[in-house]
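The chain contents come next:
There are 2 protein chains.
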Amino acid sequence: MRILILGGDGYLGWPTAMYFSQRGHEVAVVDNLAKRVWEAEMGVEPLVPIRQLPTRIKRWREVSGREIALYVGDIAENHRFVYQLFDDFRPDAVVHYAEQPSAPFSMADREKCVMTQRNNVLGTLNVMFAMRHACPDTHIVKLGTMGEYGTPNIDIEEGWLELEHNGRKDRVMYPKKPGSFYHLSKVHDSNNLEFACRIWDMRVTDLNQGVVYGIDTDETALHRDLCTSFHYDAVFGTVLNRFIVQAVLGQPMTVYGRGNQTRGYLNIRDTLACVELATLNPAEPGEFRVFNQFTEQFSVNELAARVQSVAAAMGLAAEIDHVENPRIELEDHYYNARHSALVELGLVPHLLTDAVLAEMIDSVVRAKDRIDPELIMPRIHWRMRSPARQGGD
Amino acid sequence: MRILILGGDGYLGWPTAMYFSQRGHEVAVVDNLAKRVWEAEMGVEPLVPIRQLPTRIKRWREVSGREIALYVGDIAENHRFVYQLFDDFRPDAVVHYAEQPSAPFSMADREKCVMTQRNNVLGTLNVMFAMRHACPDTHIVKLGTMGEYGTPNIDIEEGWLELEHNGRKDRVMYPKKPGSFYHLSKVHDSNNLEFACRIWDMRVTDLNQGVVYGIDTDETALHRDLCTSFHYDAVFGTVLNRFIVQAVLGQPMTVYGRGNQTRGYLNIRDTLACVELATLNPAEPGEFRVFNQFTEQFSVNELAARVQSVAAAMGLAAEIDHVENPRIELEDHYYNARHSALVELGLVPHLLTDAVLAEMIDSVVRAKDRIDPELIMPRIHWRMRSPARQGGD
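These protein sequences, in sequence, are chains A and L. Mapped onto my numbering, the consecutive letters of the first sequence carry residue numbers 5 to 397. Mapped onto my numbering, the consecutive letters of the second sequence carry residue numbers 5 to 397.
Treat the hints with care, since some could be wrong.
Same chains, same label: a pair holds when it works inside one copy or across any pair of copies.
[Claimed, not checked] Derived SDA-like pairs: lysine to any residue, alpha-carbon spacing no greater than 25 angstroms straight-line: (1) Lys181 to Met388; (2) Lys181 to Asn170; (3) Lys173 to Glu333; (4) Lys173 to Gln301; (5) Lys173 to Ile203; (6) Lys181 to Asp159; (7) Lys181 to Gly254; (8) Lys173 to Ile158; (9) Lys372 to His227; (10) Lys372 to Tyr260; (11) Lys173 to Ser344; (12) Lys181 to Ala345; (13) Lys181 to Pro289; (14) Lys62 to Val360; (15) Lys181 to Glu71; (16) Lys181 to Pro286; (17) Lys173 to Asn157; (18) Lys181 to Leu165; (19) Lys181 to Tyr260.
Because the hints were derived from the structure by calculation, they are not lab data.
Work out the full structure: start from the sequences and follow the hints.
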C-alpha cells in the first residue's frame, strides 16, 4: 500500500513510518517540523538527541534498503502544499499524527491555545478537503485520545453510544468531556470528520489512544540514529516517563493530587500494531469508526507503585510524593472504558510487565547525564495562575 | 448595565444594540464588517440597503438621544484589539453574535469552510481569554443554533442530558449531530466554552437559537435608516424569507426535497426578548447554561402552506414546488425539542400569526423592484458537486 504519514517527525510518526516501510509498504512522511520550535519555546528536549529527519531517512535506507519519501510543509497554514502532496503521492491510506500533542502546552496561554486549535482543527480540515479532491476513497486513520472522553460516571464505549431517552432510541456520538484545549481540538476534529463521513462518504478511523509508553520498536533498535523521542519534561512528557526519570535520579516520584486518576495505557509497539490493523482493515465508505486504543487501565498511584518496586529491585530507591495537581480533573472517579475492537481485529497486547519497566529504566540510566531535573516539575497550571502569564497574553 | 454586543453590524446584532440602548443600558457594538465582503463575494445583498454602521449609530442618537459606542476590529485575527476592547469597555455582559452565520457559505469550498471555523472558533477563544483577563466574572451570552443538534430520534433537551447506561447515571452534554461546517463551528464553540466554565468558573449562556424571521422591531421601525438586513438569497437567506419573496414575485415556492424537515422558529422580537432575559438573569460562575431559543416548530411544508394561504388572501397566487435538496439532511424525521427555560424566565412569545406573515409580505411588496430572482435558487450543494468548485479549491 501507499501510506502517507502526517506528522512523521514525531514520537509515534517516525516509528510508524519505519514499521510500514519494513513491511514492504510505500511510505511517505510529512511534517512541518514545528515541534522543534515548540520544544525550544518551552526550553525542553528529548532525553536522547533526535537526528534530523532527512538523516534518519538516509540511515533507514542504509539499514533497511528501503526508501521513505519526505515532504516538508505545513498542512494547517499552506493548503496548496497539502493539495500538491496528495496529488503527487496519491496515498491508499493516510495516518494522521500531525497535531500539537501536548495538553499542558495548549494550556500555557492564549497564543498556545489558539495555535493548538488552529493547527490541529484547520490542518485536519485541509487534509479532508485535499483527500476529497485527490483520493476520495482513501481511508484516513486519525489519532485522537482517550482524554477526549474525560472521566464520565458511565462506561466509556468506542465512540458511539446506543441510548434510550423518554422511551425512544438512537445511536449517537459518545458525549465527551475533554480536559484541555488540546483535548478539545481532538474532539473538534472528530466532529468534523464524522460530518465528512455523512456528506462525502469519507472513510475514517478515529483512534482514541491512551497514554503511550516505551522507547524502542523493532525498527528503532536497528541503529542508534533511528531512535524516537523520549520526553520526561512537564510539557511533552507523560507520567510514566516522569516517574522513571525521577527514580533514576533518586528523587521522589511526584504524583499529582491524590493519584487515583485512572487512564488507559499502551506500549508504543501496540500503537504501531493498532495503526497497522486499522490501516489493513479500512473503514467502509461513509463509516466513522472509533477504536479505543489502549491495552490496560492504571491509576497514577498504581504506576508509581509499579515503578517503585521494579526500581528497588535494580537498586534504585524511589519515594512517592503527592504534589499539588496543576490540572483540573477528578482525582477519584469511575473509569471503565471498552477497548475490544482492536483485539477483535487481532491485536496481541504487549503489557506493562516488570521486564518492560526494567528495560525503560535501563535506557534512562544509560542517558542519566543528559537529564535536566528542572524540566520535571509542572510550570503550567490549568487555572493559568502562573505569574509569568497572569494578566498578560 | 454595560453591554458589549459582538457582531453589532448584523441582522440581530444591530437591533439588539438598539433594544438595550433604548432600555437605558450602556451599549457598545463591535464588528469587523466582514459580512459586507462575504455578501460581495457571493454577489448577494439585503433586500433593502443597510446604512453604514456609523450612520445608523448617528441616526439612533438623533432619534433616541442615546449613544452607542463603536469598536471596529477583528476578534479572530487581532487579539490585541480584543484585549484593548475589554480593558476599555469593561462590560457587565457580553452578547456574542460575531460569527460567520451561513451554513451554505461554509459549504461552498475549502476556503470558506476553513474561514468559517477559523473566524468563529478562534474568535470565541480570543474573547474567552480577553474576558478571563479583563472581566472574569462577566457573563457571556453566546449565540448558537438549534441546528447543532441535528434531528435525533430522541427528544432534544436544553444542552444537557441525564442518561443511564449499563445501570449507571451521568449528566452529559447533549450529543450533537450538526449539519454543516458552520453548525460544527458552533458545536466547537460550545465545547470550548463549557470547558472554560469548568476551569475558570466562567459564566456562560449558550443560546441554541431556531430560525429567526421578521423584519421590524420597535426600534428599527423608528426610522428607515435604522432597519436591519432581510436576506432572501440562497446563502444568507432563510426558508420563510425565500417563500415570501417567491410569493411576491408570483414564482413557485421552492421546497427542498420532501419538505418534512422540521425546525424551531422564532420572531426577531423574541430573539431580543430572549437575549435580554438571559442577560438580566446571568448564569452562575462555572455554569454552562443552555437555552433552546425558539417558540414554535414547523415543517417546511407547513411554512409553505401558511405563506400560500396568507398570500392568496392578499391576491398573490403562489404554487408550491419540490426541488432537489442541496443539503444532506433527513427529510422525514422525529423532532421534539424542549424550549421551556426561557418561558420560565418570562418570555411571552410573538407567534407566527397570519398578521405577522401579512406584514412581512407587505414589506417585501414595497421593495419588490429590488428583488433579484437569480439569487434565490441554491448554487451550493452539500456534496460539493458544483462544477465551478469541483476538483479545485
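- Query: Hint numbers the structure violates, sorted upward?
  - Reply: 7, 14 and 15
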